[in-house]
Amino acid sequence: MDWEAVIGLEIHTQLATASKIFSGSSTRYGAPPNSQASLVDLGYPGVLPVLNAEAVRMAVRFGLATGCTIARRSIFARKNYFYPDLPKGYQISQYELPIVHDGHLEIILDDGEVKTIGITRAHLEEDAGKSLHEDFQGLSGIDLNRAGTPLLEIVSEPDLRSAREAGNYMRAIHTLVRYLGISDGNMQEGSFRCDANVSIRPRGETELGTRTEIKNLNSFRFVEKAIQVEIERQTDVLEDGGSVVQETRLYDAGRNETRAMRGKEEANDYRYFPDPDLLPVVIGDALIERLQAGLPELPAARRARFVEQYGLPAHDAVVLTANPESADYFEAAVSAASSASPKTVSNWFQGELTAILRRESVEVADTRVSAATLASLLDRVADGTLSGRMGKDVLEALWHGEGSVDEIIEARGLRQISDAGAIEALVDRVIDGHPEQVAQFRGGRTRVIGYLVGQVMKASRGQADPRRVNEILKSKLAG
Amino acid sequence: MLHDATIAQLAEALRAGKFSAVELTDHFLARIERLDGNLNAFITVTADSARAQAVRADARLAAGDATPLTGIPIAHKDIFCTRGVRTSCGSRMLDNFVSPYDATAVEKLEKAGAVMLGKTNMDELAMGSSNENSSYGPVRNTWNRDLVPGGSSGGSAAAVAARLVPGATGTDTGGSIRQPAALCGITGIKPTYGRVSRWGMVAFASSLDQAGALARTAEDAALLLQVMSGPDPRDSTALPDPVPDYAAALAKPLERMTIGVVDDFFDDGLDQDNAQRVRDALSVMERLGVTLKSIRLQNIGLSVPAYYVVAPAEASSNLSRFDGVRFGHRAEGAGDLTEMYMRTRGEGFGAEVKRRILTGAYVLSAGYFDAYYLKAQKVRQLISEDFARAFRDVDAIAGPTTPSPAFPLGQKVDDPVQMYLNDIYTIGAPLAGLPALSMPCGLVRGLPVGLQLIGPHLGEGRLLCAAHAFQRETEWHTLAPPGI
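Residue numbers (the working numbering), protein chains in the order written: chain A, 1 to 479; chain B, 1001 to 1484.
Hints listed in this document are in silico derivations from the structure and should not be mistaken for laboratory results. Hints may be right or wrong, so weigh each one.
The calculated DSSO-like cross-link candidates involving lysine-lysine, where the alpha carbons are at most 30 Å apart (straight line), are [to be verified]: (1) B:K1375 x A:K79; (2) B:K1354 x A:K79; (3) B:K1018 x B:K1108.
Just chain A, same shape as in the assembly:
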């Protein structure tokens, strides 16, 4: 049978506030355990939560950027369950009245087509702490630094139809929250993670099949792989005449399979009710207007502008605008360049520079070659001073701090030889020195020219302009 997958994601994105959602503790990552846990975070007797207004503004900004309805009045509820890293015995979240709802986001599919994904709601909530089961010989350690960190949970409609689409949607949300500056989106640190609801149905069927929920996926790759294997598992189950059980599953990346979580979690009745310690969140027109006016250019608009303004292919625009730092870097380099074209900048950014960044595990924001420096390098390539090959060497040298582009060219004697006279002299010397190959060429084995070009380049210590060498060699051999 032909099966269709139906997928919805619940993305938990950590908001980039300086302090926690209900206390003044810092949200900085990586501090010694429990050093950022105040009495409020510890759930001491008599303490009370006070809502961080910045978290509210960030949630509204997200809502505005996704065409959501902004709730004029939303409320916090308590989700009650016992766990040692949940200090109060309840999580403060939003249940019946989320802060924003009913929006959408356009994503670009692999074939370049645009698809609109519905956003059911996004709500504010606090994160729990961490249980540490190693290092304590038979005991568990609790670190409450993360307890109370603000999260925005973004719930999509079940509009996604493949693992790849789900991955693209997650990337698009990631890009958006980075543009809005409401999250650092750091997946290693758990600032951006998701749960996936997956079901399948015969293609053409409109009823939804029974879904499973895969918890805690913390990379784009895992989201795609986990959903893919889950679709395959459900397909096998149904084709064998079985039925899918509604349950929570975990993805085991090592084995590339999903496994049912123990049933305990499922039996929970969270006994939600409005939190009497917090007033309803009331949002007025003035705040909405102010936040709307303060929205930055969003990814879709910037993507379109890159195609329009810089004449880039759509694919280049998608890659360059995937995060605000890349897009900013590109635009800064283009505006600093005098002769290098936007497409050249795009190629070098996506190619050579990205390769170095990956190798060195450095983010664009922390690059050691500034946009202006890259621009001056590419100008030297564009004006013929450097060959592409030399440009790569100079980029490496720039990365290692060997000076400015011109200083490196000078110091390494890298100036490309384009002067016809100088190249002719080298060509003559090679023709004289390789009579056998010359004869072969003239006898019809034209492929041997590659060898001769190589000899000329070698004689010039790589500095000759290979295009000119080729031309001159051809004309001399023909003559």
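Using the hints provided, position chain B relative to the given structure of chain A.
Same frame as chain A, but now just chain B:
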């Protein structure tokens, strides 16, 4: 005698240098030492820190930097967090809990120079109407040691009645200040919800809990409330409104006032002698120029069931933090996490607390939420509307505080419903978030009973004025229990 003086009188004497704060503190500490043994009003006496505070108070008095409360001994209900001092909340669960911080009310009173003598006994986690639910044993009624003092602020009420301290803090969720004040023959006020910050008050039912003051006179209660009240950035539900000058209001003659009387409160459920004392008190009010008006609160009869859904629901969640993980009692030797939770909470909580946690978890459960919690919230809304309608015509509502004077220890412990019905007159005001006070209005078979006044939102100033006018005209509030 020194301990018969009111806070207002003591404050004047301290400023006149008739005695020092240290002498005053020592006098009351000696009384606690001598008399509290069979009363059991205190869980913790903080004699050393009290003397240190008194020394500082004397320095402020000498420097002319004193407030009306500087050097005045007070006691805190053990529900208020006090830094460096055990804060048990009357529960075995918190027997070993030494708070690392002060409640806002505690902080404000300390800043004003009040001297904390100790922490008073209470029903466990503020759940009870007789003080028999304390893990530290029941408090006894100062008027008759075989009777209950009321609850949950029974320790504070008994201590003030026995002149062990001139004033004390309390908290009121369904009547926990007013009911013990009535049964012990003193004055107690629960202000408007949000008037006193809840920061540092161990939570029972967050939407109802409100701190207030117990003292022998309305004037003294006003002095305490003046300092305790006010906005607090640490409590989102604290009211932003500035606190009016209660003392200045009390000094003026009583303004023309209409008091509503709920006829339904005088039905068969009310002890007939008690009813007569309340009627007598209302006659005094009329003499003071107050106009009485008969009113109806249509849904007030539903207040007890609504309360016993909402309050346990919130409590069941508020008490989840007592899990043995970070503070308080933890059961020894549990084999796994679930066992640790179950045994910790099984050992740490008493029967009434468990009953309310179970009730609360039940009414919030999937499938029951709408029928209980949601319905109770709707009833609560109707009760609030009834009050709002009544306050269009009257400035305050008067009636009995309790159905009868103090009852014997042990009489109602096995009958929770009878116990809950003790709150029948006091529960309406917190459900609507309104201020209310109780003051002595006579004796029934030798035991004090209270007149309750309920006011509109932020009407505590008016209530205190009316009570003060009444107390200028009567002497019920000056009666001391036998042998005190």
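Between K1375 of chain B and K79 of chain A, does the CA-CA distance stay at or below 30 Å? holds, 20 Å
With the threshold set at 30 Å, check whether the alpha-carbon distance from K1018 of chain B to K1108 of chain B stays at or below it. Between K1018 of chain B and K1108 of chain B the Cα gap is close to 26 Å, so the pair holds against 30 Å.
_Given hint K79 of chain A paired with K1354 of chain B - CA-CA distance at most 30 Å_ = Status holds; Cα separation ~20 Å.
The structure agrees with every numbered hint stated previously.
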